[in-house]
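Colleague: Now for the letters of each chain:
2 protein chains.
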Amino acid sequence: MSTTNESGVNLVPIPTAEDLCFQILEALGVPGRDAGIVTNSLITADARGVSSHGISRLPVYAQRLQAGLINPTPDIKVIRDSPSAVLLDGANGFGHVVGARAMSTCLAKAGATGAAVAGVRQSTHFGTAGFFAQMATEEDMIGIVGSNGAPRMAAWGGRTSLLGTNPLAIAAPTGGSDPLLLDMATSAVALGKVILAAKRGEPIPTGWAMDIEGRPTTEAQAALDGLMLPLGGPKGSGLALMLDVLGGVLTGACFGMGIGSMYRDWDRSEGLGHVFIAIDIGRFLPIEEFKQRIDDLCAQVMGSDLAQGFDSIYLPGELEFLKERDHRTRGIQVDPGVWAEITALAGELGVS
Amino acid sequence: MSTTNESGVNLVPIPTAEDLCFQILEALGVPGRDAGIVTNSLITADARGVSSHGISRLPVYAQRLQAGLINPTPDIKVIRDSPSAVLLDGANGFGHVVGARAMSTCLAKAGATGAAVAGVRQSTHFGTAGFFAQMATEEDMIGIVGSNGAPRMAAWGGRTSLLGTNPLAIAAPTGGSDPLLLDMATSAVALGKVILAAKRGEPIPTGWAMDIEGRPTTEAQAALDGLMLPLGGPKGSGLALMLDVLGGVLTGACFGMGIGSMYRDWDRSEGLGHVFIAIDIGRFLPIEEFKQRIDDLCAQVMGSDLAQGFDSIYLPGELEFLKERDHRTRGIQVDPGVWAEITALAGELGVS
Numbered sequence: 001m002s003t004t005n006e007s008g009v010n011l012v013p014i015p016t017a018e019d020l021c022f023q024i025l026e027a028l029g030v031p032g033r034d035a036g037i038v039t040n041s042l043i044t045a046d047a048r049g050v051s052s053h054g055i056s057r058l059p060v061y062a063q064r065l066q067a068g069l070i071n072p073t074p075d076i077k078v079i080r081d082s083p084s085a086v087l088l089d090g091a092n093g094f095g096h097v098v099g100a101r102a103m104s105t106c107l108a109k110a111g112a113t114g115a116a117v118a119g120v121r122q123s124t125h126f127g128t129a130g131f132f133a134q135m136a137t138e139e140d141m142i143g144i145v146g147s148n149g150a151p152r153m154a155a156w157g158g159r160t161s162l163l164g165t166n167p168l169a170i171a172a173p174t175g176g177s178d179p180l181l182l183d184m185a186t187s188a189v190a191l192g193k194v195i196l197a198a199k200r201g202e203p204i205p206t207g208w209a210m211d212i213e214g215r216p217t218t219e220a221q222a223a224l225d226g227l228m229l230p231l232g233g234p235k236g237s238g239l240a241l242m243l244d245v246l247g248g249v250l251t252g253a254c255f256g257m258g259i260g261s262m263y264r265d266w267d268r269s270e271g272l273g274h275v276f277i278a279i280d281i282g283r284f285l286p287i288e289e290f291k292q293r294i295d296d297l298c299a300q301v302m303g304s305d306l307a308q309g310f311d312s313i314y315l316p317g318e319l320e321f322l323k324e325r326d327h328r329t330r331g332i333q334v335d336p337g338v339w340a341e342i343t344a345l346a347g348e349l350g351v352s
Numbered sequence: 001m002s003t004t005n006e007s008g009v010n011l012v013p014i015p016t017a018e019d020l021c022f023q024i025l026e027a028l029g030v031p032g033r034d035a036g037i038v039t040n041s042l043i044t045a046d047a048r049g050v051s052s053h054g055i056s057r058l059p060v061y062a063q064r065l066q067a068g069l070i071n072p073t074p075d076i077k078v079i080r081d082s083p084s085a086v087l088l089d090g091a092n093g094f095g096h097v098v099g100a101r102a103m104s105t106c107l108a109k110a111g112a113t114g115a116a117v118a119g120v121r122q123s124t125h126f127g128t129a130g131f132f133a134q135m136a137t138e139e140d141m142i143g144i145v146g147s148n149g150a151p152r153m154a155a156w157g158g159r160t161s162l163l164g165t166n167p168l169a170i171a172a173p174t175g176g177s178d179p180l181l182l183d184m185a186t187s188a189v190a191l192g193k194v195i196l197a198a199k200r201g202e203p204i205p206t207g208w209a210m211d212i213e214g215r216p217t218t219e220a221q222a223a224l225d226g227l228m229l230p231l232g233g234p235k236g237s238g239l240a241l242m243l244d245v246l247g248g249v250l251t252g253a254c255f256g257m258g259i260g261s262m263y264r265d266w267d268r269s270e271g272l273g274h275v276f277i278a279i280d281i282g283r284f285l286p287i288e289e290f291k292q293r294i295d296d297l298c299a300q301v302m303g304s305d306l307a308q309g310f311d312s313i314y315l316p317g318e319l320e321f322l323k324e325r326d327h328r329t330r331g332i333q334v335d336p337g338v339w340a341e342i343t344a345l346a347g348e349l350g351v352s
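These protein sequences, in sequence, are chains A and U.
Oh and the first sequence: position 340 is 340 in my numbering, straight run, nothing missing.
Oh and the second sequence: position 327 is 327 in my numbering, straight run, nothing missing.
Among the hints, a few may not be true.
Note: identical chains are not told apart, hence a pair may lie in one copy or across any two.
As the list claims (entries may be wrong) - Below, computed lysine to any residue pairings styled on SDA-like, alpha-carbon distance capped at 20 Å:
#1 K323 / P15
#2 K193 / G233
#3 K193 / A112
#4 K199 / D265
#5 K199 / V9
Keep in mind the hints are simulated off the structure, nothing from the lab.
In isolation and in its complexed conformation, chain A is listed as follows (with noise of 0.2 Å):
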C-alpha cells in the first residue's frame, strides 16, 4: 500500500490515499460528491508538499464528524443574495465543501457582472485558500479568498491570542499551464514548521513566535504553547485583522476569540467565515491579450539575475506545482505516524 523512502516517510501512490480518504469519508456518511471535494482538496496539498493541509488531517476531522460537530450532510443556504454579493450559511459542513460551493456562486455572479464578493458563515476548516482561488482561473477569472481561523497570534503589541493564521491567497490564469497562485498565511512561517521543530527537538529562529507571557523565545515547545508571531510584524497582524472583518464580521459568522478550536473545542463548532472575491478578466482585457501580459511579467521575474545566496527564483505557486509534478508520479510523501493514524481508522470503519 506505501513504501517508506531513506528519511523513513511513507511514500503513498496518489490513487491509493484518494481511495482511502474517499471511502474512510464515506463510511463516516459524507456524500460521494462532498467526499470527493473534501480528497481532492487534501490530496492537492499533500501532491503539492502542503502536507499540514493535507490527509494529517483526516483524523481530527474523523473525530469531529463523529462528535457531531461537522456535518456530513449540510444544508448550505444563501441567506442574502444580490446581483454581486452574496451570503451564504455553511451549516457546519466540510469548509472545502462550503467552499466551493461560495466559490462557484461568486463565478456565476462574476460571470454575470463582471465582479462579485461570496461571504459565509458557520464553517468549518477549509483546507487550503488556494484551492478555490485556484477555481477562479480555470473559468479565466482572477480569485481572491480570505479566511478567518481560531486564534493563534497576538495583535502586534498584545500577547492575547484573538487572530487565526488568517490565510490569503491570489490567483491568475497565464498562458501557460499553471496559475500563478499566491497562499500565504499571516504568520511570519507556517505553524506546521514549528511542530516540526518541535518533534524533532530542534530550536526555532527568533521572529517566528513567542511564548505565552508574550517574550520572543527560540524554544519550539514554548512557541506552540505560546503563540506566532505575525508577517512582518504590524503589516501582518493588521493583514490578519481585516482578513477577520471581511471573513468573519461581514459574515455573520464567529471572529477573533470567538471562533471555536478544531483541536481543543470538543463542545461546540468552529464558526469560522471565508471572503471569495471573482473578478472577470473579460470585462477589461481580451482573456488572450491578459496572458501574453502576465506571461511577460512572469518572464521578467524568471529573468532576473540571481541575489547572493540564491541559485533559483520561483513564481507563487511554482515550487508546489513542482512538488506536484513529482508526487504525482512518485507519491505523495506521508508522515508514518500520521499514515498508522489513518489506517487505523480505516480499520475501525471497515475500509479496506
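Given chain A, work out where chain U should sit, using these hints.
Modeller: Same frame as chain A, but now just chain U:
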C-alpha cells in the same frame, strides 16, 4: 507662515499648508476641484505623519506638470463598463484625481449590485492608497485598494529591479469616528526610512534592503542605490507581484519593468495602474450590526495583555488618526529643506 520646533522641523498650520498647496496647483493649471482633491490627499498624509506621501511630493509633481508628463486637465474616460466592473483610462492625470474618480465609480456600482471592481490604466503616482480605501467607509462600504509602482524591489531570490513597493490598503467603517484603515507597502519598511537614515548617515538594520549586487546591506546609501527587500521575504514579494497583476496586467497599464519612474524618467509618463474593490456591507448584514461586531473585535484587540517590550497596542490606522488630531491643532511637521523648495516654487509661480 511657519514656526520651527525644537528638532528644527517647521510646524506649518494646516490651513496655511492647504492654501499654499492648492494655489500652487491652480497656478500650474490644475482646475480647482482637482487641486482640492490632490491638496486633501497630500495634507491628510502630512497630518497623519506620512510625510513621504505629503507635500514633500509637490516639487516633483510640479516638474512633471511643467514637463507635460502629468496632465492637469485629463479627459478621464471609462473604456469598459459592466454592472460590477469598470476600466478607466486616467489620461496621465494626477493619480489622486484619477483614483478618486475610479473609487467613486466603483462605490456607485457596488451600491447598485453589492460589490464592484474598478481598474485604472495610464495613471500617475496617487499618494496614499488609504485615501481611496477610506472613501468607501464613508458610504458604509469596505474598500480595498492596490497599485503597482516604479520598480524598487526584486522578486524574491533575484536582484533585478522589477517590482514596486506596491501598496495594499483595506478599510472598514466602525461604530466610532475612525475607520479601521490598513495601508501598507509590500516592502519590509517604507523607503522613507532608508532616505532618512541616509540623510543622517546612520546604518539600517539587515532585512530592509540589499545593494545593487544583491547582497544584504546595512548602509543606507547602498540601499538607496540598490533594492528594497519585500515584507517577509517570499510572501511580500508574491503579494507585490499579485498587486501588479491586479493593478497593472489586468488594467492594460504598464507593469513590472515597464513602469516609468516619477523621479528618473523625464521622457515618458509613468503608466501606472491601480485596482479598487468596494463591498456594500448592507448586502451582508444590517450596518448597525456590522458596526457592533467590528467594535467588539476592536475591543478584543485593545483589551489585550501587552507583549514584552510594548506599552501600547494600536488598531490599523489608529496611530495615524491620533497624529492627525494633534497636527490639526498644532500644524504639520515639514522638513526645512522641503519647505524651502515649496516656498521657492510658490515664488516662481507668483503664489503668495
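Colleague: How would you classify K199 and D265 at a CA-CA limit of 20 Å: within, between, both, or neither?
Modeller: neither (23 Å within a copy, 54 Å between copies)
Colleague: Which holds for K193 with A112 at a C-alpha limit of 20 Å: within a copy, between copies, both or neither?
Modeller: neither (42 Å within a copy, 45 Å between copies)
Colleague: When no copy is specified for K193 and G233, does a C-alpha distance of 20 Å or less occur within a copy, between copies, both, or neither?
Modeller: both (19 Å within a copy, 16 Å between copies)
Colleague: Within, between, both or neither: how does the pair K323, P15 come out at a Cα-Cα threshold of 20 Å?
Modeller: Classified as within: same-chain Cα gap 17 Å, cross-chain 59 Å, threshold 20 Å.
Colleague: Evaluate K199 and V9 at a C-alpha cut-off of 20 Å and name the case that applies: within, between, both or neither.
Modeller: within (14 Å within a copy, 54 Å between copies)
Hint compliance for this structure: hints 3, 4 are not met, and every other hint is.
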